[in-house]
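Peer 1: The residues making up each chain are set out below.
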Amino acid sequence: MNQLRWDPVLEEWVAYAAHRQDRTFLPPAEYCPLCPTRPGGFPTEVPRERYEIAVFENKFPSFTRDAPEPEEGGGPLTPTRPGRGVCEVVCYTDDHEATLATLTEGRIRNLVEVWADRYAALGSLDFVDYVFVFENKGEAIGVTLHHPHGQIYGYPFIPPRPKKELDSARSYRKTNEGRCLHCDLLAGEHEDGRRVIFKGDHFTAFIPFYARYPYEVHLYARRCIPSITDLGNGERRDLARTLKRLLTGYDRLFGFSLPYVMVMHQSPTDGGDYAGTAHFHIEFYPPNRTARKLKYLAGSEAGAGAFVMDALPEQTAETLRAAVEEAQSLRGPG
Amino acid sequence: MTFDTEYLTKEDGRYIILYTFDNDEPGEESDKEEPEA
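These protein sequence lines map, in sequence, to chains E and P. Numbered per the working numbering, the first sequence spans residues 297 to 630. Numbered per the working numbering, the second sequence spans residues 18 to 54.
Source of the hints: derived by calculation from the structure; they are not laboratory data. One or more of the hints may lead you astray.
Unchecked claim - On the chain E side, residues computed to face chain P include the following (Cβ under 7 Å):
no., residue
1, 348
2, 352
3, 409
4, 410
To be verified - A partial selection of chain E residues facing chain P, derived with a Cβ cut-off under 8 Å:
no., residue
5, 310
6, 313
7, 314
8, 342
9, 344
10, 345
11, 347
12, 402
13, 406
14, 477
Just so it is clear, the structure is predicted and the values come from calculations on it, not from any experiment. Yeah, the Cβ is synthetic: ideal placement off N, Cα and C, and Gly gets one too.
From just these sequences and the hints, can you work out the full model?
Peer 2: Following this line, the structure appears as structure tokens:
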């Protein structure tokens with residue numbers, strides 16, 4: 297079952313969940329397990345004829361609440377741990393054909409509320425150190441179900457990438473009179489302006505100076521807050537508005553529903569103090585370099601951990617900004 | 018804004034939470050001012 301194995305070379309936990317090999321793979325729409333259960337139809341994951349937003353425990357979880365001690369004990373260099381955690385599926389809507397981009401701002405606003413609610417609920421569990429909200433969208437990313445949905449992992453450790461980000465922010469804060477690394481990065485992007493896609497009332501969307509994907513966008517809260525639960529009503533509404541604006545622009549970019557990975561980075565829930573270190577933001581990694589070409593993680597990226605890019609963020613930001621503006625003009629004001 | 022939740026337990030013991038909302042479109046809720054960065 298679920299177990300963690302320690303990689304002493306990279307000093308990272310690796311999660312194993314062999315049962316996930318059997319998970320449902322791209323079923324036809326009439327057998328989608330995330331659709332509502334229709335009268336006379338097969339029973340799906342959601343036992344209702346309609347629903348707004350549904351959250352449930354993943355049938356094929358990478359972590360479980362009751363993971364037993366691993367049978368494989370490992371060794372002094374390579375200890376193991378139970379894969380104890382939580383994996384939830386968040387169904388954005390009962391409409392199989394929708395995407396996050398096609399939902400109304402009001403529906404996305406509701407989803408923001410659900411994300412905040414689950415962050416608080418999972419973060420309160422004593423065995424969850426990090427609540428990770430994410431979405432894998434599109435077959436190019438490797439999704440197994442097309443129904444619009446995201447996921448939430450409650451990790452029993454702080455995952456390597458957020459940990460490195462937090463370590464960098466902590467180090468910066470120490471040597472820069474308590475300043476927030478993310479606030480200063482955002483101020484720099486505002487001042488430069490070339491990579492800013494747009495500014496909402498409370499959030500800014502930009503392609504970072506050091507983007508690893510051509511159309512990678514970071515959506516930063518302008519107020520220095522550690523988590524989604526710290527957002528006020530106006531900020532939550534603006535988050536929904538900026539998500540809608542960005543995603544419709546993404547879909548306008550190449551004329552099709554753009555695949556992406558969406559991740560939220562925020563404060564761990566391990567009881568530590570992350571004020572001024574964790575700064576709530578969302579990152580998007582679309583794999584497309586062009587309409588037909590994808591960015592693959594090949595030798596340098598996968599083996600050396602060094603990304604090599606063939607497009608400058610200043611150039612791709614200009615293209616994406618135009619697509620966002622076109623999509624906005626087609627949608628009309630609001 | 019407010020929402021209601023309905024908790025159900027599946028046959029295999031997994032939980033499911035159904036969220037329902039009292040608003041569906043923006044503009045229906047009162048807003049509060051947040052400080053600008």
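Peer 1: Hint by hint, say whether it matches the structure.
Peer 2: Going down the list of hints, with the structure as the test:
no.: 1; hint: 348; result: holds, 5 Å
no.: 2; hint: 352; result: holds, 4 Å
no.: 3; hint: 409; result: holds, 6 Å
no.: 4; hint: 410; result: holds, 6 Å
no.: 5; hint: 310; result: violated, 25 Å
no.: 6; hint: 313; result: violated, 15 Å
no.: 7; hint: 314; result: violated, 18 Å
no.: 8; hint: 342; result: holds, 7 Å
no.: 9; hint: 344; result: holds, 7 Å
no.: 10; hint: 345; result: violated, 12 Å
no.: 11; hint: 347; result: holds, 6 Å
no.: 12; hint: 402; result: holds, 4 Å
no.: 13; hint: 406; result: holds, 5 Å
no.: 14; hint: 477; result: violated, 14 Å
The earlier numbered hints that this structure contradicts are 5, 6, 7, 10 and 14.
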